[in-house]
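Visitor: Okay, here's what each chain looks like letter by letter:
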Amino acid sequence: MFAYTLTRLVYLALVLAVMSVLIFLVTQAMPGDVASMIAGQFASKEVVDAIAVKLGLDQPLIVQYGHWAAGILRGDLGRSLVLEQPIGPILMEALARSLVLAVVALFVVAVVGIGLGVLAAVRRGKLTDQLVSGVSYLGIAVPDFFWAIVLVLVFGSYMKLLPTGGYAPIADGFLPWASHLVLPVITLVLMLLARIARLTRSSMIDVLQTNYVKFARAKGMPESVVILRHALKNALLPTITVLAIDFGLILGGVVVIETIFSYPGMGRLLLFAIQRHDLPLIQATILIVSAAYCLANLTADLLYAFVNPKIRHGMRAS
Amino acid sequence: MTDATPARAPVQSVPRRHLPSLPVSLLVGIVLLAPLVVAAVAGSWIAPYPYDEMNIMSRLQPPGVEFWFGTDEFGRDVFSRTLVGTGSSLVMGVAATALSLLAGVPLGLIAGYKGGRTGEAIMRAMDVLMSFPPILLGILVLAVTPPAQWKAIVAIGIVYVPQVVRLTRAITLELMQEEFITAARLRGESAAYILFHEILPNIWPPLVVEASLRVVFAILLGASLSFIGMGAQPPSSDWGLMISEARPFVEQAPWIALCPGFALATAVIGINLLGDGLRALLDPRNTGAH
Chain A
1 MFAYTLTRLV YLALVLAVMS VLIFLVTQAM PGDVASMIAG QFASKEVVDA IAVKLGLDQP
61 LIVQYGHWAA GILRGDLGRS LVLEQPIGPI LMEALARSLV LAVVALFVVA VVGIGLGVLA
121 AVRRGKLTDQ LVSGVSYLGI AVPDFFWAIV LVLVFGSYMK LLPTGGYAPI ADGFLPWASH
181 LVLPVITLVL MLLARIARLT RSSMIDVLQT NYVKFARAKG MPESVVILRH ALKNALLPTI
241 TVLAIDFGLI LGGVVVIETI FSYPGMGRLL LFAIQRHDLP LIQATILIVS AAYCLANLTA
301 DLLYAFVNPK IRHGMRAS
Chain B
1001 MTDATPARAP VQSVPRRHLP SLPVSLLVGI VLLAPLVVAA VAGSWIAPYP YDEMNIMSRL
1061 QPPGVEFWFG TDEFGRDVFS RTLVGTGSSL VMGVAATALS LLAGVPLGLI AGYKGGRTGE
1121 AIMRAMDVLM SFPPILLGIL VLAVTPPAQW KAIVAIGIVY VPQVVRLTRA ITLELMQEEF
1181 ITAARLRGES AAYILFHEIL PNIWPPLVVE ASLRVVFAIL LGASLSFIGM GAQPPSSDWG
1241 LMISEARPFV EQAPWIALCP GFALATAVIG INLLGDGLRA LLDPRNTGAH
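Those sequence lines, one after another, are chains A and B.
In terms of the working numbering, the first sequence opens at residue 1 and continues consecutively.
In terms of the working numbering, the second sequence opens at residue 1001 and continues consecutively.
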């Protein structure tokens, strides 16, 4: 297990290094010259050149990449051109807000999704089962931004129950803070619920047919104990993995959700950076979000290896 | 949750449940998709109004006899726009999927057949691509130059190449164990012959199923990219773009967003059902549980 983890971590570092090169190269190919953007529209050529020299933009690409990568390894993400501030603090703040969104959404998806999945498995083939798969199907049939608009319309505009966008720091009190999270979280949950519910349902159905469940029933255990204690524990194996993957998906997918709800997280920061051609900010945001995504996926794999006794006890993984 | 269950026999045979559902999902899928395909092909002829005809006198009209699904902020007929937008929205998903197959299948074949260093290099490159969150990879590809729909198609195609490569490679590896491949090798057939005449025809069924489900993701990703301004551009009536443009007016005129939204849902549900049906049809062993 230790060797496996170590290998995967080294591999992750390699992948991240290659990703950083890709991100750097692609963003360098973007139109718009950073130096003339800083200098402004009416600056003379000398001024532009001087800024380019000062920023090291006259040096070969590989040297520039070296500077950038070395900075990141030191924890220095560079300076935003548009905001004229160091990127680190801005980005960390946005990341923290996105993480809050992701964690809350993941928690709700886990509880509701697993609950619905178990319910559907136990009532397999009955109305409840079909209702659950129908409802969870709806979530994936329509893109998340459409659900967001419907939710805004219903809860924000008509019922005036919840704010339709924005963010309140938790310093303003719990209720304002939480009320701004409700609609984005529901949107994310709708997007992910179907997969978790269907997966839990199918693995639960498999487990319910195993011998040890039959044995537990034969012993005369109450059905609730059989389902919740014996079956669920094993049925959750694949679900846990998918939940960890979903966490990465949420992090990557917040771009759209945050835009709709004007939620000041990573996604909105990235779109802002792209619209304003803020190169260093684009690079840093994409790199950090991708790194978080990779980490979530790695966690999924490690968790699976850890929970799965076959791999844990030294059998070869896949 | 437990009241009705204890008396029931716990084990049911799996095949009995899935075989009857086979034609139904396929049929419903086709029924849902048929009008969309017609709209995609002939949308601009059927549409009661030209999709970009502005009419300042009838801005933000609610659905009615004259405008079935109302009008938008420029007085354009929402129904006509949705109809004409079908092509744009579906083509984006289908073209991107085709592109990912076009690039992914050969790569997967090579990775599976040759293995070794070439195969390893291909798979590691795919790992890097898969390490980006899908929409971010799309944005990264698109952010370089001014947005256009064909660029979005290429970007989505790139996003889904790794999955195609992985699947193709896995099937190829499996097929390589089969006797007819060994026979072909012993006959002294060339690698190209074996790849294209022996392996390729056998990997289509699972690839078709995969692709039909992949189209759904591609359509949704395309709509998302259009929604954030990186896909189809105005005055196109791509559904994602329409919903995006409808946002400021969603309180006054929700129909502008709802009409393309329902169209999108119909397409997604239809293709999903079609894919499920195809899967059951092409691979009877699959229980379709996942």
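Hints in this document: simulated from the structure, not taken from any laboratory.
These numbers were taken from a predicted model, which means no experiment stands behind them.
Any given hint could turn out to be false.
[Claimed, not checked] Computed footprint of chain B on chain A; a stretch qualifies when at least three of its residues, placed anywhere within it, have a C-beta under 8 Å from a C-beta of chain B:
1) 14-20
2) 152-163
3) 179-185
4) 254-262
5) 267-275
6) 282-289
[To be verified] Some chain B residues well away from chain A (every beta-carbon gap over 12 Å; in silico):
7) I1030
8) A1034
9) V1037
10) I1046
11) V1091
12) A1098
13) E1178
14) Y1193
15) N1202
16) N1272
Backbone N, C-alpha and C fix where the C-beta goes; we use that ideal spot for every residue, glycine too.
Visitor: For every hint, state whether the structure bears it out.
Guide: The hints, checked one at a time:
1. 14-20: holds (count 4)
2. 152-163: holds (count 3)
3. 179-185: violated (count 0)
4. 254-262: holds (count 4)
5. 267-275: holds (count 3)
6. 282-289: holds (count 3)
7. I1030: 17 Å, holds
8. A1034: 18 Å, holds
9. V1037: 18 Å, holds
10. I1046: About 24 Å separates I1046(B) from the closest Cβ of chain A, which puts it past 12 Å; holds.
11. V1091: It holds; V1091(B) is separated from chain A by about 17 Å at its closest Cβ, greater than 12 Å.
12. A1098: A1098(B) clear of chain A: closest Cβ-Cβ about 21 Å, beyond 12 Å.
13. E1178: The claim stands: E1178(B) keeps its Cβ more than 12 Å from every Cβ of chain A (closest is about 21 Å).
14. Y1193: 31 Å, holds
15. N1202: 23 Å, holds
16. N1272: 7 Å, violated
When each numbered hint is compared with the structure, violations occur for hints 3 and 16.
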